[in-house]
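Trainee: Order-wise, the sequence lines are chains A and B.
Numbering follows full-length UniProt numbering, in which position 360 of the first sequence is assigned residue number 360; successive positions increment by one, without gaps.
Numbering follows full-length UniProt numbering, in which position 125 of the second sequence is assigned residue number 125; successive positions increment by one, without gaps.
Derived by calculation from the structure, the hints in this document are not laboratory data.
One or more of the hints may lead you astray.
The calculated label-pair distances, taken between Cβ atoms and stated as ranges, are [stated by the list, open to error]:
(1) B:Gly140 / A:Leu31: 56 to 64 Å
(2) A:Asp185 / B:Gln278: 55 to 63 Å
(3) B:Pro255 / A:Asp161: 31 to 39 Å
(4) B:Asp249 / A:Leu444: 47 to 55 Å
One-sided and incomplete, this derived list gives chain A residues near chain B with beta-carbon spacing under 10 Å [claimed, not checked]:
(5) Ala54
(6) Arg133
(7) Ala135
(8) Ala136
(9) Glu137
(10) Ala141
(11) Thr665
(12) Gly666
(13) Val709
(14) Met728
(15) Leu792
Think of the CB as a built atom: it goes at the ideal place given N, C-alpha and C, for glycine as much as any other residue.
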Amino acid sequence: MNEIPTPASIGLSREDLPNSYIGRSVPRPSLPKLVQGRATYTDDVVLPRMLHAAFLRSPHAHARILAIRIEAALAVPGVVRVFTGADLAKVCDPWVAVLDHLKGMKSAPQHPLPLDRATWQGEAVVAVLADTRAAAEDGVAAIEVDWDPLPAQTDMETALDAGTVVIHPELGDNLVFTRTATKGDVDAAFAAAHKVVEATFVTGRHTGVTLEPRSIIADYNRADGMLTVHQATQAPHMMQNVFAKHLRLEESQVRVICKDVGGSFGIKVHVYPDEVAVAAMARVLGRPVKFIADRFESFASDIHARDHRIKARMAVNADGTIIGFDVDDLTGIGPYSVYPRTSAMEGNQVVNLVGGPYDFAHYRCTTRVVLQNKAPTCQYRAVGHPIATAVTEGLVEMAARELGMDALDLRRRNMIRDDAYPFTSPPGMRFEGLSHHASLDKLLEMVPVARIRADQAEQRAIGVHRGLGFAAFIELTNPSPFMYGIGGARISAQDGCTVRMDPDGSVVASSGVTEQGQGTEAILAQIVAHGVGVPVERVKIITGDTLNTPYGGGTWACRGAGIGGEAALQSALALKAQILEVAGAMLQAAPESLDIVMGHITDRASGAQRMSLHELGRIVYFRGDTLPRDLPRELVQTRHFITKEYPFAFTNGIQACWAEVDTDTGMVKLLEHWVVEDCGRVVNPLLVDEQVRGGVVQGLGGALYEHCVYDERGNLLTTTMADYLVPMSAEMPDIHVGHVETPTKESLLGAKGAGEAGTAGAPGALMNAINDALAPLGARVLEQPFTPARILAALGRI
Amino acid sequence: MKWPALGYLRASSLDELWRALGDGAQILAGGQTLLATLAFRLSEPGTLVDITRIPELRGISVTGGVLRVGALTRHAELGRDALVARHAPLLTQAVPHIAHPAIRNRGTIGGSLAYADPAAELPACAVALDATLVLAREGGERRVKATDFFTGLLTTALEPGEIIAAVEFPLAGPSQRAVILEVARRSGDYAMAGLAAVLDLGADGRVTAPRLTFFGVGDGPVLATRANAALEGRALDAAAIAAAQAALDADLDPPADLHGPPAMKRHLCRVLLGRALQSLTPATEQAA
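Next comes chain B alone, as it looks inside the complex:
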């Protein structure tokens, strides 16, 4: 299908952006979801406001004890950035799972978080890493925890007139362990079920602050609070993994989709949990 007739405006600064935002305006960043919905005529904005030339929304830096990733950071940039690899290695691991190279070259982290697809990798990573989103509006900004940002299916805490300016990730400490796993029909597909797992593994082999975050199995990223509680303070051994798997069921309420029934998603989540934690287990445990 062809797009409806619409206006196009390119903002080159935040000030221009604030002037452009208004009734019927839709922000265009990487366009990897928006352009398809326009072609399907699922969305008919009056004007597209292109924000890709706004310098304030770009760049990756470590400032004030956090890793700040500009909203316009493309997935491909995220995947090859040295600061990201050092301070938030989960994101580096996640990028190859995001769609295909052509999409990674255009899609942005801000776009992915704002769209809030429940099966997307980056929203789950933001929750797993306990990230904070910097939301800008005319005359100010506010910070919202990723956990509070995703409010439902394709819905977020963004208010009208607000945009995501950046995402701030806590710097990974030496004891952080992170892994992302997913089951997708074909490489690059949205996951049938996925898991972004972050935890601290102390010198004593005990888990602290686990943040197992599932995706593709709910109406947004699912922080598995009961499974996390089952792991907290325990040595990462087979018994702990089994306990987390047993607790997980109560964390999940997956919908059926084209790939299968809720029972399949629950099952896949258990499998992913087992595989993820197994991969983080100290080598001696694995051998045992």
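Chain A on its own, in the form it takes in the complex:
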């Protein structure tokens, strides 16, 4: 296992092993297309007879719909049809977003458009179809709805109180899910501990802002009974199932195509009621219907995330040994759990991940997931990780400060030893192999801690407050069926890849994982080129089409490289073996004595070129009569991969953040940021580094800027890019990335996920940096985003 020859592993130069694309920074083949504006996003697709949808959205956080008058809308020029919730309920069955393995979970049935009640501001209530989007919006403006506003439940802290507004009375209360993980005897251990540090942390509700908004075209063709959906999604096969199930079709009657997707971050892996409404309307009309969310709709109806309040305690011995964690997590998820992955996962992840890097004996962590009249929340990049990491690492640095210890020494004392694996964490996570100590060592090679501390002291003397903060983390990647499948969701944990060689010696690979701009197709091309033995330019990749790719899960939870990549490698190696068998027959040589290098059959021992793949292809396809009659010659191979030994391939890493706090204005200036992460085999270092950097930026965004702000009545106040602040390049620091590689032994490729590591650790590292800067002033901040107002308040300046 894991014996893929790379130049480094066999001590050769790149030139000696020209086909070694794994581990190499190959530019993404899709880049020219993306930067030249030649990509095909869903909105670029224009179909004959296509209509455009616009939605009337609820202006109220909670209101009964007494009457909807559509006559004036139907009279607007260009308007073709108006649909209400009742209209769509005739053709579309509602869904309930629960998973069987999340014990006791409950949620209410959700329709594409609500029948009699709107439960968050921004919920789509009425759909207008017209010849253009502008005409559809004119139609929306002409609709009259009689609303009966109801009291809104907006504060998660009161969601379970007696006498509170119960958002779905049939559920009995607002509790969606709760789970407690325990290990050891927390009460006794804490009582006996040398020191207990405790704090309440808040992570701010925010969202993933994609350059391309949610986009869909649904086209039901009555002639062949096919519903073809062009959609910006991460999981086309999941959506195929959803559309079929709820529109009463067979899965084979639904084809989902996603060509280029402009960013996803988890936002585009969920079922949105307005998008299902589009499919239902296309089904009724037999015409294509397009809906492209505008930015206002994105803020009001894309999933939000990370709306948590966490009360946490950590007990330590005098020598800095961590005794245990005791954590109470509360999260508000909006009025419905989001289909089909559910909105309980984030809280569940907090329970799974707190204390992750450390070896300790006592653990108690509870999450309570409650309903609110706000936009639904669900999985966004690094689900739960940034929350668990900020809590864990915030407590670690607090404890170090209280004990007068260096926080890195405290970490080193408690991190799971690099030779302790396999290891099972207190909440029951099984780790195959992590590298906390090696990663910390690597980080300290990169971060000039002594120089920084000297600068910090010098600057403090002149009233400039700088801080250095760290955050170690674990990350869950390569999910098995234990994530969704066992709960009853038809979301594939297995992925496949079909690789074929065409007569000209070029290779085409189709895969069930998907591309949203992060470079999935680039690494698949590298892996296939490496596996077959052809130049990477000779490989074309097909993804994002349920009719033309092997069934699979798509790209989410960091599974593209680890699962899709392994399927690609195995199918490429199978194709290579098949090619060599054919070549052996042609060249009268044992297949084992041959190799394929840069598109040529070579003699393995001497490296001499024997025949080009082009020539082999010509003979197989056009002069097959000259080959032995019983020679197998299928120059196409398919392999599937699913992880079997471990439910998840955990990765690990550690980040450091160096920041300056202006104690007069409360502004934070990011000076420098470092990340070491271990995603197993690095397929493309350039892409992994950029994934990490992008992830760090999103993590810093949530910690400093991004915030979906609601007033107490449930009105969303941040509905434009001027109010919802995304991180911009001018404020971002240089981000240095280093790697430790601990390949997973579950696959030949050995790759684990890399897409979420940056986001997982950045907020905790920044929080610790700010608090390191503020420590001499007796102030600290624990509530994200760390705004100037919060920092000034902590300093007692306002």
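Once you've looked at the hints, dock chain B against the given chain A.
Mentor: Just chain B, lined up with the frame of chain A:
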């Protein structure tokens, strides 16, 4: 969202403009605010009247003892103009604070003043520099001091049928000191609090005619009359700065916004006042 259906008319002279203005007409200059409000359908004018080709509204010149800046001057032009740098250096300093390059390439000074966003830089600069706005209408024009032009939240002294033709700035004398500072969440954002400060610093080190003008903290540019009075005639030393800071509170009545409570804005204004005046203090004072 998509714009409502509307008409578009391009005027190539003031005469054409006067004919085009009427019920439901909305002037389009740089469009950096208007186009977004159209997309949100916050405004549904019948016709957009594009004034960007009207020559009378262009150009920067020194005439009659004032710096005249045509209303159509784009922020980017303002930022790189040599006459502006020489005669109204505060404006040159202000331009990099205005949004982002793409917006500065299109937005105009006339548009910014007419829209009168309380957090915008140019209205505050106009007040700080004691500028005069030239308002044109069919058959005539009138001049209005910037201080009188801004009448409330997003409201101005512009009458129906009137447009801003130009802005006239007094020429900066050798003793003028000017600085603009702001605190914004991200570079290019509207300020949480900002200060355009202009004063004369005599050879004797004494301040005359201070015009500290705050933005982002009220319903328009806030000329801090009490803080200004506290500075008038004093040497620019730590005591004078403290006196101005103490007086400032009574000049301000900031609203809460998404960034924080009124107390934060008051605090930030004090900080900005201190930093701005500190930066204008003679080097000997700074060392002390």
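Trainee: A separate judgement is required for each hint: does it hold in the structure or not?
Mentor: Hints versus structure:
1. Between Gly140 of chain B and Leu31 of chain A the beta carbons are some 59 Å apart, a value that agrees with the proposed interval 56 to 64 Å.
2. For Asp185 of chain A paired with Gln278 of chain B, a C-beta distance near 59 Å keeps the hint of 55 to 63 Å intact.
3. Distance hint check: the CB atoms of Pro255 of chain B and Asp161 of chain A are about 32 Å apart, consistent with the given range 31 to 39 Å.
4. Between Asp249 of chain B and Leu444 of chain A the CB atoms are about 49 Å apart, so this pair conforms to the stated range of 47 to 55 Å.
5. At its closest, the beta carbon of Ala54 of chain A sits 8 Å from a beta carbon of chain B; the interface hint therefore holds under the 10 Å criterion.
6. The beta carbon of Arg133 of chain A is positioned within 10 Å of a beta carbon in chain B (closest approach about 5 Å), and the interface hint is therefore held.
7. Here the hint on Ala135 of chain A is kept, as its CB sits about 9 Å from the closest CB of chain B, short of 10 Å.
8. For the restraint placing Ala136 of chain A at the interface with chain B, the shortest Cβ-Cβ distance is roughly 9 Å, inside the 10 Å limit, so the hint holds.
9. Contact between Glu137 of chain A and chain B, as hinted, is supported at the beta carbon level, the nearest pair being about 6 Å apart and thus within 10 Å.
10. Because the smallest distance between the Cβ of Ala141 of chain A and any Cβ of chain B comes to about 7 Å, under 10 Å, the interface hint for this residue holds.
11. With a cut of 10 Å, the hint placing Thr665 of chain A at the interface with chain B holds, because the nearest CB-to-CB distance is about 5 Å.
12. At about 8 Å, the closest approach between the beta carbon of Gly666 of chain A and any beta carbon in chain B falls short of 10 Å, and the interface hint on this residue holds.
13. At its closest, the beta carbon of Val709 of chain A sits 6 Å from a beta carbon of chain B; the interface hint therefore holds under the 10 Å criterion.
14. At about 5 Å, the closest approach between the beta carbon of Met728 of chain A and any beta carbon in chain B falls short of 10 Å, and the interface hint on this residue holds.
15. A hinted interface residue such as Leu792 of chain A counts as satisfied when its beta carbon comes closer than 10 Å to some beta carbon of chain B; here the least separation is about 6 Å, so the hint holds.
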